[in-house]
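Engineer: Protein chains in written order, with my numbering: chain A, 1 to 752; chain B, 1 to 151.
These aren't lab readings, by the way, just hints derived from the structure by calculation. Because the structure is a prediction, the values reported are computed rather than measured. Glycine included, every Cβ here is placed at the ideal spot set by N, Cα and C. Be a bit skeptical, because a hint or two may be false.
Claimed, not checked - Stretch-level coverage of chain A by chain B, calculated; a stretch enters the list once three of its residues show a Cβ under 8 angstroms from a Cβ in chain B: (1) 49-57; (2) 191-197; (3) 243-252; (4) 438-448; (5) 471-482; (6) 573-584.
Unchecked claim - Ranges of calculated distance between the beta carbons of each label pair, as one might list FRET restraints: (7) Leu-135(A) x Trp-17(B): 16 to 24 angstroms; (8) Glu-79(B) x Ser-564(A): 34 to 42 angstroms; (9) Gln-65(B) x Ala-656(A): 37 to 45 angstroms; (10) Asp-70(B) x Arg-410(A): 31 to 39 angstroms.
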Amino acid sequence: MARLIRTEKEVEGRFTEQWIVVEEDALDQWPAGPRTVVGQPTRRVDGVERATGAAVYTADVQLPGMLHAAVLRSPHARARLVRLDLDAVRAAPGVRAVIGPDDLDVLTSEPCYEGHGVAAVAADSFEAARAALELAAPEWEVLEPLLDPEEAVRRESLLAEPRRHDRGDFDRGLAAADVVVQAEYRTQTLLHNPLETHQSVCHWEGDTLVLYTSTQNIWGVRDEVADAFGLPHDGVRVICRFMGGGFGAKNDAGDYTLVAAELARRTGRPVRCALTRREENVVSGNRNATIQRLTAAARSDGTLTALGGEFVSALGWDGWLGPTAGPMQMLYACANVRTVEYGAKLNLPPMAAFRAPGFVEGTFGLECLLDELAARLELDPLELRRRNHADSDGTDDRPYTSKNLMECYRRAETHWERRHEVRARSEGPWKRGVGMASQIWYGGGGPPSYAWIRVGSDGRAVVVTAMQDIGTGTRTAMAQIAAEELGVPLEHVRVEIGDSARGPYSVISGGSSTTPSMGPAVRSAAADVKRQILEIAAQRFHLEERVLDLKGGNVVSADGGSWSLEEVTGLLEDAQILGKGARGPNPTGMRVMTFGAQVAEVAVDVETGEVRVERVAAIHDVGRIVNPLGASSQVEGGIIQAIGHALSEERLDDPATGLVLTQTLDAYKVPTIADVPEIVTELVDVPDEHLTNLGSKGLGEPPIIPTAAAIANAIRDATGADVRSLPITREELLHALEAAREQERRGAAAPA
Amino acid sequence: MNVRLTVNGEPHEAEVWEGESLLFALRERLGLPGSKNACEQGECGSCSVLLDDRLVCSCLVLAVQADGHDVVTVEGLAEDGRLHRVQEAFAATGAVQCGFCTPGFVVAAADLLEHNADPSDDEIREALSGNLCRCTGYAKIFDAVRLAASQ
Ligand code: FES
Ligand code: FES
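Extracted from the complex, chain B is given alone in its bound form (with noise of 0.2 angstroms):
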């Protein structure tokens, strides 16, 4: 099937079969493999983007579903070559070890702070708790989550 769709802020155009992820599609068809795969079963939000300002898996949505939707994944978060403010406080605090995580935190942690300018801990307790992180010990990205709604 044919599917067009704008990701990060381009169109683009895809043959994909019917059951296929739009994960696997941004991954490997549209040469975007920042979003990452880490169970593609919807229990790890490392494929976490932004359908139509929606947070979700991408590994839980077909394909076919974003056809003629909008997606931003974590490569389109950087603005004229500017990293987003959450980027830069994952870098910053040290919230990242393996990275392989990164990815699907980053995108909910700005999807988070884009509904909510200065989160409690308790909200970013409930907003990132479908994001696994099994290096860090979440404390620093706490600490990453902090910094970029201060700024």
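Same shape as in the complex, but just chain A (with noise of 0.2 angstroms):
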């Protein structure tokens, strides 16, 4: 039954109250481990059609008589348009429409960050469309950009009020404590950079907008292109069935796609609006970059007393706060705590989430900092945390759905414990050490997510659901679970996704939430036809349905009895059963969170501050693993993204001028398979008995959390360098050795 509730919805630990309309989840979880097809290393459904070049990306959309638009986008940070010859771009060759700042909201006379579109052409091809824009030859007044985030903070150019977070009486903490630390980091800007770059097809028929795009977020595009259009929001029909990465950057619509709706409108023609890799760099959205001024105070038992920040997130002209305080308030016990969060509004490109936007920031300043703390205390760095476990949410005491972060400590220490031989591996200039961090996340998923299942004469289910794979293997983990639940082979489901025409409403990819949303939906839809089936069985044998089961394919009874399922579904003829399925509400009173701990080993040059990862164990725990090859791929991935957060990656910007200097995958660099280290993934694997029929946490972003503080933690024991800011570069390092030199020296002259 329908049910309306009011409820805490949270996405990329953004919190909203609100009426929502769930359905129950009647169904037991499956008991604890792995299972005939769910936990079992699975490949990927969908694997060889993106090895053999045959999936079809928004990237590889052709349509019929299709035009191509090129956008002019601001040179400057911040500008007012003087003159503009839309008039010359019409007369160009190959052009097909232009739009220019009265025409569309997206697009502006007067930008307030690099790239801010300006003017859109539509032509027969890209080339045309380029050289078209050549002409319209803008005149600027340059206007002086707001670049420094504690310079907007003090001039309160701030993009929400300040967030303060108080409990407990965090002066008195710091008075109680024996060692107090504080310490500022900073934390860089940063670019997805997903191999496909943002883009859309858009195509009218009729009154409805077809819109293929390389989405996390179908539904949500849906309704954001609908509203801008003025269309019911079924005018709007999105398609995406393999998309090329996202990273959280591909969670709206995007301006270059309401670009492509209004010059298909405006020509009749089908219209392709893609980034190139350099737009990508500028305007596709970022991780903002922070400043965490940070303070832990503690009993000389490890006890922490007071825990304080204050955070200043670069978040450029547009985007939200994200919860970069969030570590710090949750993850230790700790009943003193004070944070407060400014996000500044620059006149830099818009900021986006980014796999576990804040956590992966807040992390990074909070883990150093409790080293720096263990080493003050003279503390083991993992026992010190094992002191301040968290048994509830200290930001409002609710308890945990299932936490299991002592266990991954527990399996870390056989990690940890090889700190000695790593130390004892240093030779010459190149220094050995090993750190560890700890992870906590959202990752619950909620509702609504709804699945369909059909199942034919023949056997075979289909499951439909207008969900996005965005790479993380959300066809395969469905098609895994629908088998389970009907007792059929893996190659006897199908799975049609990405289509919001074809298929129920279905979670954004975003938030670790795919698999916790639609993965509990997927499987009451699969109840529902095993039941209907059983309905059929019961009657045709005449048995009584408790008795029987569905199993290994086939349909069987108590007494032994066995028939195959195609000789049950067989008599459907024509005749379909089509069954159901809900994503049930999340426990109420109670946290839904992710827990982890990584341990890194480094070895670093201090003559040439070089540094290697040379080695990353990550122990997550996450509740049921529905796919462990999955879900080692994802660890992995987000390992190597958070290396090259911590070792290689930063957007760099002109500090005059404001225009972003690393345009190109040369100039930003990502990592490559050079860089990657040993990887040890483990997972604790138990199903949480708080949430949903499945038991599963999302485990998008958990790995990507914990691997810099990790590695800067490493790093100190190596060295005994504190790197309090990222990237980690050469210079960055080589300051901090000396830093750590002069330090010694003045610890050695003062008097004892």
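Both chains come to you apart, so use the hints to assemble them.
Structural biologist: Set out below in structure tokens:
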């Protein structure tokens, strides 16, 4: 039965309290541990399509008569348009339509960041479109940009009210401490750089806008574009069958989609608008830089008495304030916590969610600070973390639905114990060390999400839902869940996704929510189908339903009878069994979080500042694992991105003009296969007994969260240097080494 | 300009303009979108193809330069409906996430094994470091190349 509840909805750590219609989830969870299909390492159902080049991405969509759009973007961080010759553009060869600042909300004559859209053109080819834009010859009045986040905070140029959290009595906590450490940490601006750039192909079929787009959020794009064009929501049909990565940057429609839709409307022809790699690196979103001034106070036994932080996020011209203080508020038990977060509005391109936004940045600061505290206390860093384990959510005392962080720590021990042996392998200028960090993040998913399953006379099942697979393997996971519940081989299940006109609503693939949201809905739908099959079998074989079950592709009875599924479904002829499933609600009054710990081993050349990550062990607790093969791949992918974050990636902006200097993949250094360390993945794999019929949480984000801090802590272990700023370039590290030597000299000189 | 070239064993002819890349011609004119365009400036390897058995970034080769030459794309690796062992290995080891980089990796890995049947880890690193993948973390790409080499 549909039920109306008032609940907290969470996406990427952003909460809204809202009414929501849910359906009950009455199924019991499967027992813990691997099952016939679920929990077994499973190759992707669409792996071959992708490996042969047969998979059709938005980038590959070709429609008859398709035009190509190019966007004129601001070359200045802040400027006013004085002159723009759109008539010259209109007259250029091959041009079919031109739009300017007056024609679309996302185009402006007063750009506020580099790359802000000004005008757009649709032409017979992309080259013709680009050549035409050259003729626009814009003249600008260049204005002074605001680029410094601290200055923005002082001037109250903020995108949100400062967010404050104050529990207990911070000052009393400080006073009660034996040791207080304070430090400032900085994290850089990072770029997602999915391999498929942001793009859409738009095409009007009568009143319906058919929109192929590379997205993480089919339904969000549908609603956003429909609202922009004043259409009923289903007047927009969003299609995304394969997409080439997003990492949080493809949660919204984007200016390219609106531009393509408007140009398609004006020309009556399909229009592609695809960002180039350079545009991608300027305007498609970023992980905002942060400045974190942090304090930790503890008694000599390591018990935390106070935690405090001032966080400044350089959000750019638009965006939202990620939960950078979240880890400080939640990761450890501490009665006295005071945080304040500022979101600076600057003349820089807008931020976008990037894989665990806020927590990646906040965990770097907090977990480095914890190690600095451990050093001052002369306590083992792992032991310090254990002593401050939080049994419930410190922000509101809610119990966790499940928490196996202590088990993660226990499993981390063997990796942590390697540090003596690793340090002993230091040689000449190459110093070696081991560091660790803990992880907390959301990832529980939530309603609504729906799946339909139909079974025809051949006994094959088709799962239909309008979700997207952003590369995480959700098609495969959904096929596994349906196959498990139906007791049929995986090959007998197809998954049809990626089209809002051909399936029910599915959750955004962000916030590690796809599996925990969609999985239970698919299982419910499969259970509905199973019930109907058994009803039919019971009538056919004159047995009671309760003695029947579906196993190994057969209908079996308690007294040993067995009939192939096809024998039963064969009775259907053209009839179909239609099952429907919905994601049930999350438990009220409880907090759903994911946890983990990572241990990194590094080698540091103290003469050149080179850092090599040699090994990372990752232990995560995300409930039941549906596909161990896909899960370890998620962990490896997260860790490599984090190694990029830690060591090589940084968007550089010209401090005078606010222009992005790193617009190519040569300048913006994502890791390559040459940078891959040994990665050991361990998943606790215990179903969360309070969470849905599946007990699974999401794994997309947790692995990227603790790695940078573990690396920085390993560098401290190897060299004694405190690295407090990302990325840890050679220059950064040599400065930190110099500072450490200076401190040692002063320490040695000071009277005992 | 008119170019004639052999792609995946089949003769092809196309009308191209002077500045056009081989990648563009393959994708937009010859109906072979398997080679991907992720940067169009030689930085990512997702457009990798074999030109007369040499691994190239097809975005850096002009279509006219391929005139009279032999090109193999990801679509041409499977033979008689049987996957190339590298493709099979990528699917089997889970070396594919979003898959946008995969065609380029598959072509580059096939080329590596063609010239070096049993590459060391360092040789794999060297040979594939021009191909970027933002999803997998590369660990399973190692597994895939090792598996394909062992077959
Ligand atoms: S598209 Fe050719 S190297 Fe990137
Ligand atoms: S699998 Fe997505 S870029 Fe490699």
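Engineer: With a C-beta cutoff of 8 angstroms, work out whether three or more residues of the stretch 243-252 of chain A approach chain B closely enough for the coverage to hold.
Structural biologist: Since three or more residues must qualify, the claim that chain B covers the stretch 243-252 of chain A holds, with 4 doing so at under 8 angstroms.
Engineer: Is the distance from the Cβ of Leu-135(A) to the Cβ of Trp-17(B) consistent with 16 to 24 angstroms?
Structural biologist: holds (19 angstroms)
Engineer: Note whether the CB distance of Gln-65(B) and Ala-656(A) lies within 37 to 45 angstroms or breaks it.
Structural biologist: holds (41 angstroms)
Engineer: If you look at each residue in the stretch 49-57 of chain A, do at least three have a Cβ nearer than 8 angstroms to any Cβ of chain B?
Structural biologist: holds (count 9)
Engineer: Are there three or more residues in the stretch 471-482 of chain A whose C-beta lies within less than 8 angstroms of some C-beta in chain B?
Structural biologist: Per the Cβ count (3), the hint holds.
Engineer: Is 31 to 39 angstroms respected by the C-beta to C-beta distance linking Asp-70(B) and Arg-410(A)?
Structural biologist: The hint (31 to 39 angstroms, Cβ to Cβ) is violated, given that Asp-70(B) and Arg-410(A) are roughly 58 angstroms apart.
Engineer: With a C-beta cutoff of 8 angstroms, work out whether three or more residues of the stretch 573-584 of chain A approach chain B closely enough for the coverage to hold.
Structural biologist: violated (count 0)
Engineer: Cut-off 8 angstroms, C-beta pairs, minimum 3 residues; does the coverage of the stretch 191-197 of chain A by chain B stand?
Structural biologist: holds (count 6)
Engineer: Looking only at beta-carbon atoms, does the pair Glu-79(B), Ser-564(A) fall within the given range of 34 to 42 angstroms?
Structural biologist: holds (36 angstroms)
Engineer: The stretch 438-448 of chain A covered by chain B? Criterion: 3 or more residues, Cβ-Cβ distance below 8 angstroms.
Structural biologist: violated (count 0)
Violated hints, in rising order: 4, 6 and 10; the structure is consistent with all others.
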